[in-house]
Amino acid sequence: MLWEINALLKLPFRGWGHNMTEKELAIKSIAYRKNILKYIYGAKAGHTGGSLSCIDILTVLYNHTMNVGPHNFKSPDRDRYIQSKGHCVEALFVVLADKGFFPESDLETLCKYKSHYIGHPTRKVHGIEQNTGALGHGLPISVGTAIAAKMDNKDFRVFTLLGDGELPEGSNWEAALTAAHYKLDNLCAIIDHNKLQISGTTAEVCNTDPIDGKFESFGWEVRHVNGHDFKALKETFQALPFATDKPSLVIAHTVKGKGISYMENVLKWHHGVPTPDQYANAMEELDGALADL
Amino acid sequence: MGLTVEKIGIDKANLEVFSETLQALAANDKDIVAVTSDSRGSGKLAPFGQKFPKQIVEIGIAEQNLVGVAAGLASAGKKAFAVSPACFLTARALEQIKNDVAYSDNPVKLVGISAGVSYGALGTTHHSLHDYAVLRAINNLIIVAPADNFETEQAIRKAAELKQPIYLRFGKKVMPLLTPEEESDFAFGKGRIIREGEDLVIIANGETVYPALQAAKKLESEFDITTTVISMHTIKPLDYDLLAYVALSGKAIITVEEHSVYGGLGEACASYLLQNRFHNPFKLMGIPDEYTVTGSQTEILSHYGISEKGIAEAALKLLERL
Numbered sequence: 001m002l003w004e005i006n007a008l009l010k011l012p013f014r015g016w017g018h019n020m021t022e023k024e025l026a027i028k029s030i031a032y033r034k035n036i037l038k039y040i041y042g043a044k045a046g047h048t049g050g051s052l053s054c055i056d057i058l059t060v061l062y063n064h065t066m067n068v069g070p071h072n073f074k075s076p077d078r079d080r081y082i083q084s085k086g087h088c089v090e091a092l093f094v095v096l097a098d099k100g101f102f103p104e105s106d107l108e109t110l111c112k113y114k115s116h117y118i119g120h121p122t123r124k125v126h127g128i129e130q131n132t133g134a135l136g137h138g139l140p141i142s143v144g145t146a147i148a149a150k151m152d153n154k155d156f157r158v159f160t161l162l163g164d165g166e167l168p169e170g171s172n173w174e175a176a177l178t179a180a181h182y183k184l185d186n187l188c189a190i191i192d193h194n195k196l197q198i199s200g201t202t203a204e205v206c207n208t209d210p211i212d213g214k215f216e217s218f219g220w221e222v223r224h225v226n227g228h229d230f231k232a233l234k235e236t237f238q239a240l241p242f243a244t245d246k247p248s249l250v251i252a253h254t255v256k257g258k259g260i261s262y263m264e265n266v267l268k269w270h271h272g273v274p275t276p277d278q279y280a281n282a283m284e285e286l287d288g289a290l291a292d293l
Numbered sequence: 001m002g003l004t005v006e007k008i009g010i011d012k013a014n015l016e017v018f019s020e021t022l023q024a025l026a027a028n029d030k031d032i033v034a035v036t037s038d039s040r041g042s043g044k045l046a047p048f049g050q051k052f053p054k055q056i057v058e059i060g061i062a063e064q065n066l067v068g069v070a071a072g073l074a075s076a077g078k079k080a081f082a083v084s085p086a087c088f089l090t091a092r093a094l095e096q097i098k099n100d101v102a103y104s105d106n107p108v109k110l111v112g113i114s115a116g117v118s119y120g121a122l123g124t125t126h127h128s129l130h131d132y133a134v135l136r137a138i139n140n141l142i143i144v145a146p147a148d149n150f151e152t153e154q155a156i157r158k159a160a161e162l163k164q165p166i167y168l169r170f171g172k173k174v175m176p177l178l179t180p181e182e183e184s185d186f187a188f189g190k191g192r193i194i195r196e197g198e199d200l201v202i203i204a205n206g207e208t209v210y211p212a213l214q215a216a217k218k219l220e221s222e223f224d225i226t227t228t229v230i231s232m233h234t235i236k237p238l239d240y241d242l243l244a245y246v247a248l249s250g251k252a253i254i255t256v257e258e259h260s261v262y263g264g265l266g267e268a269c270a271s272y273l274l275q276n277r278f279h280n281p282f283k284l285m286g287i288p289d290e291y292t293v294t295g296s297q298t299e300i301l302s303h304y305g306i307s308e309k310g311i312a313e314a315a316l317k318l319l320e321r322l
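Here the protein sequences line up with chains V and Z, keeping their order. Going by my numbering, the residue at position 192 of the first sequence is 192; the numbering climbs one at a time, nothing skipped. Going by my numbering, the residue at position 211 of the second sequence is 211; the numbering climbs one at a time, nothing skipped.
Source of the hints: derived by calculation from the structure; they are not laboratory data. One or more hints might be untrue.
Unchecked claim - Derived list of chain Z stretches under chain V, where covered just means 3 residues or more per stretch with a C-beta under 8 Å from a C-beta of chain V: (1) 64-72; (2) 89-102; (3) 109-119; (4) 137-146.
Unchecked claim - Cut-off 25 Å, straight-line C-alpha distance, at most; resulting in silico cross-link-like pairs (DSS-like, lysine-lysine): (5) K163(Z) with K124(V); (6) K183(V) with K163(Z); (7) K51(Z) with K154(V); (8) K236(Z) with K218(Z); (9) K190(Z) with K154(V); (10) K54(Z) with K246(V).
Predicted, not measured: the structure shown is a model, and the values here were computed from it. Don't be surprised by glycine CBs; every beta carbon is placed ideally from N, CA and C.
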C-alpha cells in the first residue's frame, strides 16, 4: 500500500492512489449531485444550494487528495476531514456512501425518526470525524487535531471546509491565529465561497472581503481556485502545503446551487426542497450534463 | 462508613495539587497535554510548562478556541486538560463544551479554576455561580468539585484515564485535609462521608465542605446535635445510593454549595428526594438570585450564610431549635 510505504519512509502522502481523470471526477460529481437531490427530495428537507456548491470540492478531496476511507478510518494516521459548514451534510453523506462507509440505502432514512442521518454531521455515522452544525467550530477542532499530529510527528493532514457565511464567527479568527502561531502546515482550510447566505449576499450581510488579505495578515498562505474546476482543484491540493511552516487556505470560488440552472445563485435554494416537477427537471438536466461529458 | 475525620491540618490549594499531579503524570505519559488561555500563572502551570514545553499548548485569551483546540487534541488521542478560569470557560466557551466536547464525545478534561466566588472583590464578571446549572443540562459530561487535596489528586489521576468528557472545578484557597492518610477510596459518582452523626445531614461540595464540617462540630459541642457531613464531589452523576442511604431515616438535610441556588447541587438532591418519596426537612444553601454582595470570597460566602455560624444557624432553624 502506497500510503503505508510512505509512512514507513516518513514521506508525506500525496494521493490515495487516486488516478481519476478530470472526466471521471466530473462523472462522479454528477452522480453525487443526483443523490443529493434524491435524498433531500425524499426527506423534504436539506441544504440544497450549499451542498451543490461544495460537492466538487468533496469529490476531489475524497477521490483524489485525502488518504481516508473505510479501510483506514480507525487508523491514527488517516487524513482528517472536518466539515465546519455542517448544514451541507447531504454532500458529505453521498460521498461517504460512495466511498463505502455505509450502504447508500441508509440515506433513505435522512431526517427520519431515530435515524443517525440527520441534518448535520454526527459521529454516529461511519466516516464522520466530528459533530458539527453550530458554525465557527470546525477550524478550532482542526487546529487541535493538527497540533496533535505535530506533537506525535505524524504525517496526516487535516482538511476543514468552511462556508463563507460563517466567517464572521469570532472563533474562526481565534483559531486562525493559533494555526499560524503553531506553524500548522499540515492544516488546510477550504472556504466554499459561494457568496450567498440565508439572508442575502455575504457582502450585504457582513462583508468579509478581502478574505485572502485577512488570512494572509494572520500568517496563512492563501490560494484562490475555481471550486468547480477539477483540474484546478487537483493541482491546488497537490501543491499543499502552500508554504513551509504556514497553514494553507483555499478560497474556492463556487456557485450556490451549481449544476441546476434554476437553482444557481438563487437565494431560496439555500434550504429549498424541489417540487416533483422541479425535481424531474433537475434530474433531467443532470442526465443531460452527463451525456454531454 | 462510620468514619469520623477531624480536621488534621491545612494543606495546599487544590490548584497546586492539580499542577503537581499533572506534572507527575506527564513525566510518564507524553499524551498528557495542558491547554491554557494565558492561565499558566493563575492555573499554577508555569512549572508544568517549563518541565514539559512540548506538552503545553498556549492559546492566549480565547476560550472558545481553547476548548475547540482541546477537543481536536483529544480526538487525536491526547489527554487534554483545558485550563481556564471557570467563569470564562463555562460561559464564553459553553457552545464548544456542549458541541465539541460533550456531543462529539471528545474526552477533554475541562478544568475550571478559581471557581465560585474565589475571585471575591473582582466581581460578577469573574464569578462562576452558573456553571453547575448550565453544565448539568448538557448530556455526557461528568461534573466534579473536589473538597480537599486528596480528592483533587484522585480526580486528576482518574480524569487523565477517563474516556468521557469531565469538568473539574477548583477554588483558589488553601484547603484543609479532610482525609486520613490511609484512605484511598475515591470514585467519580460516589460521595464521601466525612463525618457521621445521628440528627442531621449536610451535603456539600468543593470549598463549602469545610465550613459544613466546622458547623457540624459547633452543633455537637454546643447543642449536642450530631451531623453527617458528605463531600458530594460529583454533582453529575449524583450518588443516588448515598442520598437514599442518608435520607432513609428521615433526618433533616441541608445542602451547601458555592453556586447559585438555582440548578446546582441542592436542586439536584431535592429533585431526586422528592421524586423518590423522601420528604425529609430540607434546606438549600447557596448564593441567592440577586446582584452578589461585594467583598472577599469569605465575606461573600458568610454574607449568604455559608460559614460555620451560618450553616449552624440554618441547621437549628431546620430542626426547629431556634
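Checked hints:
Coverage of the region 64-72 of chain Z by chain V holds [criterion: at least 3 residues with CB-CB distance below 8 Å; count 8]. As drawn, the region 89-102 of chain Z meets chain V at 4 residues by the rule of a beta-carbon pair under 8 Å; at three or more, the given contact holds. By the rule of at least three residues with a Cβ nearer than 8 Å to a Cβ of chain V, the coverage given for the region 109-119 of chain Z is violated, with 0 such residues. With a threshold of 8 Å between beta carbons, the proposed coverage of the region 137-146 of chain Z by chain V is violated, since 0 of its residues qualify and at least three are required.
With a CA separation close to 17 Å, the supplied pair K163(Z) and K124(V) stays within the 25 Å bound. With a C-alpha separation of about 29 Å, the suggested pairing of K183(V) with K163(Z) is violated against the 25 Å cut-off. In summary, the hint linking K51(Z) to K154(V) is supported, as the alpha carbons are separated by about 23 Å, within the 25 Å threshold. Distance check on the hinted pair: K236(Z) and K218(Z) sit about 30 Å apart at the alpha-carbon level, beyond 25 Å; violated.
In summary, the hint linking K190(Z) to K154(V) is not supported, as the alpha carbons are separated by about 40 Å, beyond the 25 Å threshold. Using a Cα cut-off of 25 Å, the hinted pair K54(Z) and K246(V) holds, with the two alpha carbons roughly 19 Å apart.
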